[in-house]
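Make a model of the complete structure from these sequences and hints.
2 protein chains.
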Amino acid sequence: MYYFDNAASTKPAKEVLETYVKVSEELFANPSSIHRFGERTRLLLDQARQQIAKLLHFDAQEIYFTSSGTESNNWVLTGIVEALNERHPDKKRILISAIEHPSMMRQMDRLRKNGYQVDLIPVDSSGVIDVKALDDLLADDVLLVSTMAVNNEIGTKQPMMDIAVELMHYPNIIWHVDAVQAVLTELDSLNNSRIDVLTLSSHKFHAVRGAGILAKRQRVASYPLLYGGGQEMGERSSTENLAAITAMGKALRMASETQVATNERLADFQQRIRFAFQQAGWQIHTPADHASPHILCVSYEGIPGEVLVHAFAEHDIYLSTTSACSSRRHSPHATLRAMGVAEGVSSSAIRISMSALTTREEVDYLIEWIPEITEQF
Amino acid sequence: MYYFDNAASTKPAKEVLETYVKVSEELFANPSSIHRFGERTRLLLDQARQQIAKLLHFDAQEIYFTSSGTESNNWVLTGIVEALNERHPDKKRILISAIEHPSMMRQMDRLRKNGYQVDLIPVDSSGVIDVKALDDLLADDVLLVSTMAVNNEIGTKQPMMDIAVELMHYPNIIWHVDAVQAVLTELDSLNNSRIDVLTLSSHKFHAVRGAGILAKRQRVASYPLLYGGGQEMGERSSTENLAAITAMGKALRMASETQVATNERLADFQQRIRFAFQQAGWQIHTPADHASPHILCVSYEGIPGEVLVHAFAEHDIYLSTTSACSSRRHSPHATLRAMGVAEGVSSSAIRISMSALTTREEVDYLIEWIPEITEQF
Numbered sequence: 002m003y004y005f006d007n008a009a010s011t012k013p014a015k016e017v018l019e020t021y022v023k024v025s026e027e028l029f030a031n032p033s034s035i036h037r038f039g040e041r042t043r044l045l046l047d048q049a050r051q052q053i054a055k056l057l058h059f060d061a062q063e064i065y066f067t068s069s070g071t072e073s074n075n076w077v078l079t080g081i082v083e084a085l086n087e088r089h090p091d092k093k094r095i096l097i098s099a100i101e102h103p104s105m106m107r108q109m110d111r112l113r114k115n116g117y118q119v120d121l122i123p124v125d126s127s128g129v130i131d132v133k134a135l136d137d138l139l140a141d142d143v144l145l146v147s148t149m150a151v152n153n154e155i156g157t158k159q160p161m162m163d164i165a166v167e168l169m170h171y172p173n174i175i176w177h178v179d180a181v182q183a184v185l186t187e188l189d190s191l192n193n194s195r196i197d198v199l200t201l202s203s204h205k206f207h208a209v210r211g212a213g214i215l216a217k218r219q220r221v222a223s224y225p226l227l228y229g230g231g232q233e234m235g236e237r238s239s240t241e242n243l244a245a246i247t248a249m250g251k252a253l254r255m256a257s258e259t260q261v262a263t264n265e266r267l268a269d270f271q272q273r274i275r276f277a278f279q280q281a282g283w284q285i286h287t288p289a290d291h292a293s294p295h296i297l298c299v300s301y302e303g304i305p306g307e308v309l310v311h312a313f314a315e316h317d318i319y320l321s322t323t324s325a326c327s328s329r330r331h332s333p334h335a336t337l338r339a340m341g342v343a344e345g346v347s348s349s350a351i352r353i354s355m356s357a358l359t360t361r362e363e364v365d366y367l368i369e370w371i372p373e374i375t376e377q378f
Numbered sequence: 002m003y004y005f006d007n008a009a010s011t012k013p014a015k016e017v018l019e020t021y022v023k024v025s026e027e028l029f030a031n032p033s034s035i036h037r038f039g040e041r042t043r044l045l046l047d048q049a050r051q052q053i054a055k056l057l058h059f060d061a062q063e064i065y066f067t068s069s070g071t072e073s074n075n076w077v078l079t080g081i082v083e084a085l086n087e088r089h090p091d092k093k094r095i096l097i098s099a100i101e102h103p104s105m106m107r108q109m110d111r112l113r114k115n116g117y118q119v120d121l122i123p124v125d126s127s128g129v130i131d132v133k134a135l136d137d138l139l140a141d142d143v144l145l146v147s148t149m150a151v152n153n154e155i156g157t158k159q160p161m162m163d164i165a166v167e168l169m170h171y172p173n174i175i176w177h178v179d180a181v182q183a184v185l186t187e188l189d190s191l192n193n194s195r196i197d198v199l200t201l202s203s204h205k206f207h208a209v210r211g212a213g214i215l216a217k218r219q220r221v222a223s224y225p226l227l228y229g230g231g232q233e234m235g236e237r238s239s240t241e242n243l244a245a246i247t248a249m250g251k252a253l254r255m256a257s258e259t260q261v262a263t264n265e266r267l268a269d270f271q272q273r274i275r276f277a278f279q280q281a282g283w284q285i286h287t288p289a290d291h292a293s294p295h296i297l298c299v300s301y302e303g304i305p306g307e308v309l310v311h312a313f314a315e316h317d318i319y320l321s322t323t324s325a326c327s328s329r330r331h332s333p334h335a336t337l338r339a340m341g342v343a344e345g346v347s348s349s350a351i352r353i354s355m356s357a358l359t360t361r362e363e364v365d366y367l368i369e370w371i372p373e374i375t376e377q378f
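These protein sequence lines are chains A and B, in that order. Here the first sequence stands for residues 2 to 378, numbered as in my numbering. Here the second sequence stands for residues 2 to 378, numbered as in my numbering.
Heads up, a few of these hints could be off.
Cut-off 20 angstroms, straight-line C-alpha distance, at most; resulting in silico cross-link-like pairs (SDA-like, lysine to any residue) [what the hints assert, rightly or not]:
#1 LYS15/B x GLU19/A
#2 LYS23/A x LYS133/B
#3 LYS133/B x PRO123/B
#4 LYS93/B x ARG111/B
#5 LYS15/A x VAL22/B
#6 LYS114/A x GLU87/B
#7 LYS12/B x ARG41/A
#8 LYS12/A x ARG37/B
Please keep in mind that the hints were generated in silico from the structure rather than gathered at the bench.
This is how it looks when you write it as structure tokens:
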């Protein structure tokens with residue numbers, strides 16, 4: 002199997018899965034239990050929190066474990082927005098970049114129903130946030146700005162430092178960064194003290210599924226999304242998924258340690274894949290100069306993306322139409338559309354996404370098949 | 002280690018953990034991906050849904066996978082209540098039994114803030130819902146009634162059939178049952194067509210942590226709690242935690258198949274443990290005649306529950322003050338308090354909770370230590 006759908010989900014690393022199993026078998030007590038067995042699980046939870054905090058440049062008490070990136074993003078636009086608005090009832094505007102994940106975008110109706118004004122921050126033709134446009138949208142009545150670190154559909158890195166600089170003029174505006182696709186190769190871009198809130202998702206960086214992170218500076222007011230036993234410093238209830246959290250800590254450390262090498266290797270792979278598609282007459286949508294090397298978006302005009310996906314799958318190559326989270330629900334290709342790409346082109350787009358486990362052999366195999374598959378059309 | 006804190010969390014069964022690992026390793030694609038590898042994961046997800054539906058006497062399209070019991074309970078009192086209220090703006094009353102889990106109770110403030118009237122259904126002195134009192138509270142302005150199947154602190158089975166009969170007079174009232182503690186020994190009590198919504202939690206029946214179920218009849222209107230990629234028939238977004246869901250399906254099947262034998266074995270164990278505590282002068286709070294055999298609540302007046310827990314832990318026996326979900330947050334013992342037990346007694350209460358994996362040898366060991374530990378006080 003030649004797996005190029007890592008932006009949808011990565012394979013859990015062997016060592017990470019081993020950690021998961023070990024913790025599940027040996028430390029299955031509830032971290033809220035006061036006996037010594039519970040204490041041991043609590044200790045491990047604290048360790049994971051400290052380790053992750055350090056890697057993300059937050060304090061340990063600012064790391065909250067959730068069940069997924071989707072949950073983290075929903076928490077931001079419910080509990081956090083609500084608490085912020087309670088402190089600033091006059092502020093009712095929220096800025097969201099036009100290329101955010103559905104877990105942000107599909108909350109807009111709920112926000113508007115609750116009296117908020119949601120404005121989209123446009124992107125330019127290569128899928129990068131228009132910082133000038135952001136500047137125009139910014140004002141004192143803005144409560145929260147939400148942007149991605151790396152786009153999930155075409156892989157563009159967003160101008161984190163430029164956005165931070167803009168936001169320096171508005172210290173009270175909360176900046177949320179969806180960093181779900183940034184962990185494998187762009188972890189460094191998150192080392193930015195202006196970021197107030199950060200979303201991560203375990204299964205995008207070789208951890209097991211079912212864990213997420215919301216890193217949130219202490220100054221950010223918030224209400225819980227999930228009420229109950231008062232876990233996670235009272236802010237996110239539910240018995241802590243210790244095995245998945247510990248595994249996630251390990252995967253994040255591995256991602257951090259191998260970051261430079263992974264980035265370099267994937268950049269080489271992407272360049273070669275990009276060239277092969279170009280040679281075969283495909284259109285390339287991922288800009289060469291400011292994108293994460295693990296995602297490449299290309300299209301072959303006139304052929305629906307689904308047909309292209311199936312054509313590659315015939316040869317045991319698994320890639321996707323732009324985003325898994327919208328592919329089965331037939332959403333339009335939101336990012337390409339925001340970039341101004343015509344519907345006729347964007348509907349013919351596919352995404353090739355790699356991971357830290359992608360090998361040279363897999364890349365060679367893919368490249369070998371590109372001309373032959375293209376010829377079918 | 003002698004583990005008697007299973008109501009807080011159970012150990013994942015060996016076979017269940019094996020299933021988890023196998024799925025994580027082999028079927029790590031995103032079920033939303035349209036390629037054949039994604040299709041295979043989707044197929045497994047559908048199978049798990051069908052299997053679980055059958056065991057719970059719901060239709061497959063009525064089973065929604067969540068991340069936990071807490072999430073399921075939060076969904077009920079947010080998205081479901083909101084959608085129901087939109088259809089019946091005149092109905093603003095919600096009835097919750099006085100002994101519900103914190104994941105229900107701690108949502109009351111949010112409900113009241115949103116204009117709902119929440120009334121508590123009282124329980125009698127043995128911790129069983131007062132059906133007569135429920136009858137008095139019921140009226141046409143009630144939107145939803147929420148009760149437990151088995152109480153998590155003292156183990157009382159609630160009179161499911163009597164409640165169902167009461168609710169037959171009010172076909173439009175939605176009945177939610179928190180069945181988190183009912184799976185190991187009282188699965189049959191959930192075979193009740195009057196139940197509209199059901200909450201389950203994976204880690205209470207030997208599945209791995211991080212999965213929950215909300216079973217919800219098709220007629221129950223609802224909004225999502227989590228918005229995003231539109232997974233779970235559009236009602237609960239987030240990439241499906243397939244490995245944990247499949248493992249949960251297996252654990253539920255095992256619980257169902259071994260139910261009668263487990264119940265019988267644990268009933269014998271509980272009787273013997275109960276007798277040993279009685280002989281040593283402890284007060285027993287779990288009624289002998291209508292409780293699940295896996296939970297026993299006892300107290301030794303004058304000694305704080307924490308001290309008792311630590312005394313047993315000295316001998317490698319792990320049990321808990323009533324509920325893990327409130328034990329570290331120093332909440333009062335809600336169920337005992339609702340039963341009218343004096344604070345001086347309830348603060349001296351501990352919970353002994355067993356599972357399908359509890360052995361005769363563990364029980365003998367516990368019983369052996371009861372007189373000696375008691376003598377210390």
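* **Given hint PRO123/B paired with LYS133/B - CA-CA distance at most 20 angstroms** => holds (10 angstroms)
* Asked: Is LYS93/B within 20 angstroms of ARG111/B, Cα to Cα?
  -> Roughly 13 angstroms between the alpha carbons, so the hint for LYS93/B and ARG111/B holds.
* To do: For the pair supplied as a hint, LYS15/B and GLU19/A, confirm whether the alpha-carbon distance does not exceed 20 angstroms.
  => This hinted pair holds, its Cα atoms lying about 14 angstroms apart.
* Restraint status (C-alpha distance of LYS12/B to ARG41/A at most 20 angstroms) -> Holds: LYS12/B and ARG41/A sit about 15 angstroms apart, inside 20 angstroms.
* **Straight-line alpha-carbon gap LYS12/A to ARG37/B, limit 20 angstroms** => Within the cut-off at roughly 16 angstroms; holds.
* To do: Mind checking the alpha carbons of LYS15/A and VAL22/B for me, to see if they're no more than 20 angstroms apart?
  => holds (10 angstroms)
* Given hint GLU87/B paired with LYS114/A - CA-CA distance at most 20 angstroms -> Cα-Cα ~13 angstroms, so holds.
* Pair hint LYS23/A and LYS133/B, alpha-carbon separation not exceeding 20 angstroms -> violated (49 angstroms)
Violation of the numbered hints given earlier is confined to hint 2; every other hint is satisfied by the structure.
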